[in-house]
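Residue numbers (numbering that gives the first Met the number 0), protein chains in the order written: chain A, 0 to 337; chain B, 0 to 337; chain C, 0 to 337; chain D, 0 to 337.
Where hints are given, some of them may not hold.
Unchecked claim - Coverage of chain D stretches by chain B, computed from C-beta distances (three or more under 8 Å per stretch; other residues unrestricted):
id, region
1, 15-27
2, 42-51
3, 275-281
4, 321-334
Source of the hints: derived by calculation from the structure; they are not laboratory data. From a predicted model like this one, the values you see are computed outputs, not experimental measurements. Think of the CB as a built atom: it goes at the ideal place given N, C-alpha and C, for glycine as much as any other residue.
There are 4 protein chains.
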Amino acid sequence: MKSIGIIGGTGYTGGELARILSLHPDVKIAAMTSRQNAGQKVCSLQPNLKGYTDIEFTESIPESADVDLVFVATPHGAAMKIVPGLMERGIKAIDLSGDYRLHDIQLYEKWYGHQHTDPDNLEKAVYGLPEFYRGNISKADLVANPGCYATSAILPLAPLMRSGLVDGTVFVDGKSGTSGAGMNPSPRLHHPTCGESVIPYSVGMHRHTPEIEAVVGDISGKGADVLFVPHLVPIVRGIISACYVRLSEEADQEKLDGIYRKAYDGEFFVDYVKEPSIRAVVASNHAQVASHADGGSAVAFGVLDNLVKGASGQAVQCMNLMLGLEEKEGLKSPGLGV
Amino acid sequence: MKSIGIIGGTGYTGGELARILSLHPDVKIAAMTSRQNAGQKVCSLQPNLKGYTDIEFTESIPESADVDLVFVATPHGAAMKIVPGLMERGIKAIDLSGDYRLHDIQLYEKWYGHQHTDPDNLEKAVYGLPEFYRGNISKADLVANPGCYATSAILPLAPLMRSGLVDGTVFVDGKSGTSGAGMNPSPRLHHPTCGESVIPYSVGMHRHTPEIEAVVGDISGKGADVLFVPHLVPIVRGIISACYVRLSEEADQEKLDGIYRKAYDGEFFVDYVKEPSIRAVVASNHAQVASHADGGSAVAFGVLDNLVKGASGQAVQCMNLMLGLEEKEGLKSPGLGV
Amino acid sequence: MKSIGIIGGTGYTGGELARILSLHPDVKIAAMTSRQNAGQKVCSLQPNLKGYTDIEFTESIPESADVDLVFVATPHGAAMKIVPGLMERGIKAIDLSGDYRLHDIQLYEKWYGHQHTDPDNLEKAVYGLPEFYRGNISKADLVANPGCYATSAILPLAPLMRSGLVDGTVFVDGKSGTSGAGMNPSPRLHHPTCGESVIPYSVGMHRHTPEIEAVVGDISGKGADVLFVPHLVPIVRGIISACYVRLSEEADQEKLDGIYRKAYDGEFFVDYVKEPSIRAVVASNHAQVASHADGGSAVAFGVLDNLVKGASGQAVQCMNLMLGLEEKEGLKSPGLGV
Amino acid sequence: MKSIGIIGGTGYTGGELARILSLHPDVKIAAMTSRQNAGQKVCSLQPNLKGYTDIEFTESIPESADVDLVFVATPHGAAMKIVPGLMERGIKAIDLSGDYRLHDIQLYEKWYGHQHTDPDNLEKAVYGLPEFYRGNISKADLVANPGCYATSAILPLAPLMRSGLVDGTVFVDGKSGTSGAGMNPSPRLHHPTCGESVIPYSVGMHRHTPEIEAVVGDISGKGADVLFVPHLVPIVRGIISACYVRLSEEADQEKLDGIYRKAYDGEFFVDYVKEPSIRAVVASNHAQVASHADGGSAVAFGVLDNLVKGASGQAVQCMNLMLGLEEKEGLKSPGLGV
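Please construct the entire structure, taking both the sequences and the accompanying hints into account.
Written out as structure tokens, the structure is:
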């Protein structure tokens, strides 16, 4: 039985980690931190966990807690203050923020707007997308858990880019449920504003842009140029991203099918389908990829639950690898379907 | 052409007043106030009004503005600081907050939790429900515009109570779209919280409870005891309230139909229907009432758009009466249907 | 390892049974029927089950399949044609339709509008609400799985009725997500009709009315008279029902709390809470009950996921009891929370 | 006062025409047809129109009705059976189906899958997008009203294409509210399917693809190659389309702003904005266009209410032109905003 800590337990990704881990047969949550709720039971704030966990929030992970791995579920900028201490104590860590995703420190500082204070760990952090970095994750002390939009775009884009078929700029049109924006109320997330609307935001300026470019570039061995436009859609959970590309030579559907089947046929959590469906994956760690060839162009889709495969589920998948557990453990649960 | 002011122009009811009045043939908006947006064009904050109004927000209604009537669209507690000044200047006013709805000052202070500082005007304020107080509204200097839930409950309850058929406590189950809660983001209005849920709140403690009791009591001449439970539903506009009553004697559907037809057959804005539908009235000043007899009990429904017949549209209906204009002017527009 | 059949596998409750059972450690699905899809893989129609079940739909449960229990997930009227054959073959059955819920055959025929052709089994069917009929379910050959609305009303009503505090007619205002209406498209379930609306339907005439009356009456030992008004709300999963009652004597909150704590403190799947939340239970077999005392009246709430505790999850809970398995097995999974 | 007929009055676009025309000062609806509802009052099926129109559905436009113009709001394929008769009677017509939008008859038959039986009128039909074909519409006897998606894509694409800046294939990612799919229930429009999802459909095969290509090509004088992917989003009204293009030379925001301001500064119904918003235009005939320059690429947005500027409102705009009325008459009404 492995012992786990969660730093930043009140947010949506922290809560989702607790929900998933409460069913994991091989780990137990030893500590869950929340500054404003220290001393309160976790299930008093997250009543869905009543009967599943009895622990209380603490200010920090107690020195006495002999934890094997810590999830850092704090905002960007806060994580890089916390991770160095964990590394020094010899505790493995998975950071769910963006602090360790971009290895190029200039790129980080440009897109995140502040200095990176932990360049040493940044260098050795492994990008936590198991379908492409399984081996490195297994050996890592620090994993940077991918962004939700980024995962939904990299899964369809990486195999296509790697095939050498893609020519020039890639357009990613992302549509995300509102839980992706976190638990803090804001004008855009106010129901009267977003409940009957579809709202593009951070057009061309969203921080997942360089993440998609860097990771797709790394996987494919080719520089990637991405124009990414996220949209808020009035659903709670789920992302679907449409990736539009021009092809260097005409390709038919069979060719695209071959590329994706080769990439994902052995992957339990990525399903290559004809008709992508958010409802098929919601509440699960499963993702779907689909594609459509259109002569000299193509569109490829990535679909997932932003809080599971797009965040906490993927983090648990990485945890399993890092702790030598079966990769699927605690995550074998189908999407809701309806 | 009458000249109108709106105090508190940035909120939803202020914006809705501007939208409705921009099409009114007999009035013009002379001034619209907003402390934080003074100097900015109204249509820069409310882009739907571009091409319909060119005025700028001001700090207050200028002394020079020779206005005939002012809508006070500020929060509870703020309105009663503003109304006395208007009355002194001889300007008619319609208050959209709750400050002048409860004539019983003790009741106000109990439910609103603060002192009432303008008892003189409270005494002479007329409740702005034209279907029942048309004559008084026409002569009033100060009108207290009804609450959205209150209107949705009074319209079905008042005729039934007046008939003498109702026995004892009345249960009102209200379901409101989220725009009824105003434009300030809050945890309950955060889309991930309310977007796929139905949330009861202020159970038995909502401020429209004494308003419904007082007005229904006044119209029917009988004391009313109401248990009111509002629910937030994931739609933007619209309220439907179900009012459950026991009857002092068994009544069939024909009897109920007769009571409601007599009450509303001559009313342009209240339609007595078999199957109530929010979509039929949304974006309009129309309301619907329906009823179902069930032996010794009955349920009656009230349906309306919370921002129109539940707030700004009803206020304009009152304005028409107060200024000697045709009651329907500027409000003759059907609901969207779809 | 027990062997299970599902008759009527293409509907929502059939699919939900498959989803839940695919994770159950002690049973396997031996057969799943669908006339129109016989020969096709279940996961080709329900892609969320890919990787979880590999079986194909069959026309009927094969004679060769040595099944221990069959779920009948067909429409009302069809189930009573199927159950007799199962009973004759000595196969335990759980019927998810309304065919075996009302022991009074006249009542059945009045509310369902057709003759009951299996009065013998009707007589011995046990109502499948484990919190109140655990012992009988354990010994039953045939269980009538409760209706979704009925469960959401009986859980809050039964303890209160049993206390003797309730006086006269009870009003139940139900609000259900759209999946409760099944998978067949219809005008009311058409998104443009219901997506931004709240729609009361079958007012006073819904078939769960006599079910609530009969079961609450049986549990409490007192005749129950219910006026039930269901509403369609624009969410996919989830029911919340508000039950309004008058009390035979004034009761304070403490008294109500005592009644409900006594009823549910030992129940894993029913949680008595202060603030009921659909999101806390959605996708789980958990239900919540809450209450509010208001002098001589009270309101009590029941909350659940209509497809889980309101249908397939509750059926699996009954199955566990009938097969001598641990009651919670396969159902220990928290609600989504967000 | 002009006299108007509506053929196909029960569908969403027919109902929306009636809603809009009921407020138009210069026209009256002389006849509204519906085969299945002939003899019934229009407002008995569309209760929002009660008090606004008193006419009954008829089987067909009576010979005696001296109508000036007829809207044909029937499905594709049916319209081309009706229009020839109207032309022979010398009645102007606006067809809201796709039957007269594609002048290339081969293209029509390829995309619509059946023969075109009225090639003569096809040839002289004018595409009803007033912002680009105002003069021709004014002189036309037959106008083909644009598709909803097509309008949302042509408005942002046409000025950019015309500038000569666009290089190669254009990607259009459309997101539409569900009312765009019409009033017939279907599995995709079933609330449990689409209510918490975003569903791409007809990928690369939607009939608005050749319409966008033809019209943008005609306006810009340059051949257009479009890959169009429509998505169903869970809102009732509203479309937002994102159009992704590569540029033949790098362009900054100022350059794009100049292009769009020149195109739309004089247009009352098309607003070039920084932040596009469905809520700002919903329930109105207004559209919004926005753009974002990203070096060698760009994205441009088109936003409108699919039933108004995307269908019936635009048709009334064309009617005004065809009948010599003021173009904005009956359409001067702001979007809801909230």
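Verification of the supplied hints:
no.	hint	result
1	15-27	holds (count 4)
2	42-51	holds (count 7)
3	275-281	holds (count 4)
4	321-334	holds (count 4)
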